[in-house]
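Listed here are the chains, written in short residue letters.
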Amino acid sequence: MRKVHIVGVGMVRIDRYYDKGYMQLIRDAAVSAFNDVKSYEPEAIVVGNMLSSTLYNQDSLAALALDAIGFRGLGGLKVEAACGSGGHAVIVGYSLVASGLYDQVMVVGVEKMSDYPTSTITSALAQAANAEYEYIYGVSFPALNALIMRLYMLKYEARREDMALWPVRMHEYGSRNPYAQLRNRITIEDVINSPIVSDPIRLMDSAPIGDGAAVIILSSEDVARKLSDTPVEIAGVGLGSDGLDLSSREELLNPISIKRAAEKAFRMSKLTPSDIDVAEIHDAFTITALLSIEGLGFADLGESWKLVKDGRFAVGDKPSVNLSGGLKARGHPVGATGVYQIAEIAMQLRGDFPGVKLDKAEKGLAMNTGGVGTLTSVVILKR
Amino acid sequence: MKISPARVWREKGSRYRLEGSKCKKCNRVFYPPKPSCPYCSHSETEKIDLPKRGRVISWTVEYVVPEGYREYAPIIIGLIELEDGTKVLAPIVDVDVDKVYEGMHVEAVLRKIFEDGNEGIIIYGIKFSPTI
Ligand SMILES: [Zn+2]
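Chains as they are written, first to last, in the working numbering: chain A, 88 to 470; chain B, 147 to 278.
To be clear, the hints were calculated from the coordinates, so they are not data collected in a lab.
Where hints are given, some of them may not hold.
Claimed, not checked - Derived DSSO-like pairs: lysine-lysine, alpha-carbon spacing no greater than 27 Å straight-line:
#1 A:Lys-357 - A:Lys-396
#2 A:Lys-396 - A:Lys-313
#3 B:Lys-198 - A:Lys-242
#4 A:Lys-351 - A:Lys-90
#5 A:Lys-447 - A:Lys-125
#6 B:Lys-245 - A:Lys-242
Said to hold, decoys possible - Simulated coverage check for chain B against chain A, where a stretch passes if three residues somewhere in it have a Cβ under 8 Å from a Cβ of chain A:
#7 179 to 187
#8 206 to 216
#9 220 to 228
#10 258 to 272
In this text, all values refer to a predicted model and were calculated from it rather than measured experimentally.
The C-beta atom is built at its ideal place from N, Cα and C for all residues, glycine as well.
Looking at chain A on its own, in the form it has when it is part of the complex (with noise of 0.2 Å):
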């Protein structure tokens, strides 16, 4: 396989855009990485989304997508992973270009999500869990991590208290990220006063529902410094499963898909938890925050909590997570969330992040997965 490297990434503040649909927020995410390379000749796009057929009857949302960047006549495919389409779309994209196929792929994730009532959104989600056994029962998809989340308090002997760390840190890196959707600052009291969603998950446990874009370009190896003076290596990419429905697992606690892709990708990059400098995490709850540091190896099963107490994962440490604000705070456009983390990564490491960063970057790894830990996929990338 060859060398993939990522030589330009853009995106649009996630938000509630009442005025503009995809192909706008593509098009406006797409600029942004044009003009983060010298120059640019896509041959295909890979477009992370999970709601585009459910709530706006669209598919063939790559030809949308091309149509919206100007470049009708490339091949290209969406890749559905629920809320972690975007970082699946990335390794498919990694794949067109390791294999020789095409020298220039770009990858798109988007979505919208804010023209539809709560209710709506609420059932469009719960399609990640299993439709004959979980969703037809009106199962909510906060509601599967919720049971999570109790017998992992259960278990581990967490408090309320301890569990509204996270957001709290996330709100505060996402108010100094201009792409953010929260940029408020909260506080404990804010989370555990904050209205129940399916308890014991509240509202402020949760990522906030919006729109967004983000696109990355790569390229091969030998066109790389072409087309950026900065090229960040992708080296080393996995992906990993877990049982659909939740009552068909083995150990609840123990994030299988996680570990499994992470496991390739350290093996890939020939890299270690230890080596990681900077990361990014899928925290669309408090719980899926706390088993992705323990999946990825940043923690053993059932201490991140403790962790994340005692200052641990915060700007300056190794690793440093989310200091994007994460799902929480920067916001999770379900399938385009994955294109952000790998693109906040790759700034990082190139220094030119916009909001928190840390000073000296080298090894970067973004993480995003779809369902409750249900389809993973972890990118590796290095200076």
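Using the hints provided, position chain B with the ligand relative to the given structure of chain A.
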């Protein structure tokens, strides 16, 4: 939700009678049933009747519900461990939202789970009720 008679009918064993599947090689039991074993990769499983009693190992009280479930809200969703150790996810009924606890003994009951509008199909299925 798009409901058709065939979609409901083909799940009847597991949804009405709590049938699971048992791997013919490693003997692991799953609910909902699987045609192959997710853990040992064996492609032969058999139907098995699961015990109708168990205890609550986790639960949530869902206030923000998907479209079409407003009339059932708040919904208590339970993760139940049956007497043989098999886990089932299903609503818990006949109990106040603040009276559910870890280890609570429950038993399977057949209840309405969804009505497809005024003239559509009514789906029934397993829920769990406190054991008296
Ligand atoms: Zn087996």
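Evaluated hints:
Taking the CA atoms of Lys-357 (chain A) and Lys-396 (chain A), the gap is about 30 Å. The hint is violated against a cut of 27 Å. The suggested pairing of Lys-396 (chain A) with Lys-313 (chain A) is violated, with an alpha-carbon distance near 45 Å, which exceeds 27 Å. For the hint linking Lys-198 (chain B) to Lys-242 (chain A), the alpha-carbon distance of about 26 Å falls within 27 Å, and the restraint holds. Straight-line distance between C-alpha atoms of Lys-351 (chain A) and Lys-90 (chain A) comes to about 16 Å, which keeps the hinted pair within the 27 Å bound.
Note on Lys-447 (chain A) and Lys-125 (chain A): the hinted pairing holds, with a Cα-Cα distance of about 24 Å set against a maximum of 27 Å. Proximity of Lys-245 (chain B) to Lys-242 (chain A) is assessed by CA-CA distance (about 20 Å); at most 27 Å being required, the pair is judged to hold. A stretch counts as covered by a chain when three or more of its residues have a beta carbon under 8 Å from one of that chain; for the region 179 to 187 of chain B and chain A the count is 3, and the coverage holds. With 11 residues bearing a CB less than 8 Å from a CB of chain A, the region 206 to 216 of chain B meets the requirement of three and the coverage assertion stands.
Under a criterion of three residues with beta carbons nearer than 8 Å to beta carbons of chain A, the stated coverage of the region 220 to 228 of chain B is upheld, 3 such residues being counted. With 4 residues having a Cβ less than 8 Å from any Cβ of chain A, the region 258 to 272 of chain B passes the three-residue criterion, so the hint holds.
Going through the hint list in order, the structure does not satisfy hints 1, 2.
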